[in-house]
Amino acid sequence: MSTDMIMQIVWLLCGLGLLLFAGDALVRGAVAAALKVGLSPLVAGIVVIGFGTSLPEVLVSVDAAISGAEDLAHGNIVGSNIANIMLVLGFTAIFAPVATNALGTGRSAAMTLAATFLWIFVTYYFGLSPIWGAIFLTLLMVYIVFLIQSSRKQVGISGVHHDEIPEEVDEADKDMPVWKVCTFLLIGLLGLALGARLTINSGVFIARELNVSEALIGLTLLAVGTSLPEIGASVAAAMRKHTDVVLGNVLGSNLFNLFAAGGAVALVKTQTIGNSFHDYSHWVMGAATIAVTIFVAFKWKIGRFVGVILLATYIAYIIGLVNGFSFVDLPDLVVEPPAIETVTQ
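Residue numbers (UniProt numbering): 1 to 345.
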């Protein structure tokens, strides 16, 4: 392995680490600002759960699209959604069974399923365009408003206990000085921009050095890297025996990935997505979302056995990706048949 490759791997890890750190800083600043203007901790928690864990995917995908690496952006969005279901849920279920009957989980599953197949339909028949980007972002805003209103109604009916609110949201943040809020916001924004740039540059370099497609890097390495917030939050919830919120968080994050990251990427310019996505990864994402929706519909817990199956399926998916996106140029392996000479009389 060359020195340049080693350095690019180091930069990639640094970029992913910076995305995690900066994303946390931005969310903390945003939550403090939300509390200062009078929003409830529950509503601020929606920011943490939904937007906060999806920030890496959004920034990396948008930066990739602006840089002309559209396949990297598309791969990161689709790959992250697959990783969230198979890797995050599978890994979490190893520690504790994941409940599927929590309040609002059925609604989240239905909305995420609809968003998933809307994405597949649009990218297959139309491709991404600024018009569809605007539609995706509008649907996201409608979803957020609906989520906030539903949460407030639930508070009025049954009340919300303190331990149901994410740990990142604390009433004490109301007392955070304005200068500190601005510092967190500034560090978060600058850190996310720099982290996304490091991640994209190193990811493109590694793809070219290994002679693999940028889509493969996006679907695997970047997808897992940008899903680390979901993995960390879900495992932490499992260790605290709060698995009732894990599935809802994963489904919400997937919807945010499609509409926020996908919508923002589509606004950059009109793009087409390669057939390989439709033939494999898009349908894996769709099948995984259907499977989760079935578990939610029948209120089946995602136990350790199912968790092992999810992890094994994810490994099989990665193996299929590597075989599909070969390390060599497939057209060069095709041997043309010898020409048949015709004898004229």
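It is worth saying that the hints were derived from the structure and are not from the lab. Computed from a predicted structure; not experimentally measured. There may be inaccurate statements among the hints.
As the list claims (entries may be wrong) - Mimicking SDA-like on lysine to any residue, the simulated pairs with C-alpha atoms at most 25 Å apart in a straight line are:
(1) Lys301 with Ala114
(2) Lys299 with Met111
(3) Lys299 with Ile131
(4) Lys36 with Val145
(5) Lys301 with Asn101
(6) Lys299 with Leu194
(7) Lys269 with Phe121
(8) Lys269 with Arg208
(9) Lys269 with Asn101
(10) Lys269 with Ile66
(11) Lys299 with Ala312
(12) Lys269 with Lys36
(13) Lys301 with Arg208
(14) Lys301 with Val322
Now the hints, each set against the structure:
{"no.": "1", "hint": "Lys301 with Ala114", "result": "22 Å, holds"}
{"no.": "2", "hint": "Lys299 with Met111", "result": "17 Å, holds"}
{"no.": "3", "hint": "Lys299 with Ile131", "result": "38 Å, violated"}
{"no.": "4", "hint": "Lys36 with Val145", "result": "20 Å, holds"}
{"no.": "5", "hint": "Lys301 with Asn101", "result": "8 Å, holds"}
{"no.": "6", "hint": "Lys299 with Leu194", "result": "42 Å, violated"}
{"no.": "7", "hint": "Lys269 with Phe121", "result": "19 Å, holds"}
{"no.": "8", "hint": "Lys269 with Arg208", "result": "24 Å, holds"}
{"no.": "9", "hint": "Lys269 with Asn101", "result": "40 Å, violated"}
{"no.": "10", "hint": "Lys269 with Ile66", "result": "9 Å, holds"}
{"no.": "11", "hint": "Lys299 with Ala312", "result": "23 Å, holds"}
{"no.": "12", "hint": "Lys269 with Lys36", "result": "37 Å, violated"}
{"no.": "13", "hint": "Lys301 with Arg208", "result": "43 Å, violated"}
{"no.": "14", "hint": "Lys301 with Val322", "result": "32 Å, violated"}
Hints 3, 6, 9, 12, 13, 14 from the list above are not met by this structure, while the remaining hints are.
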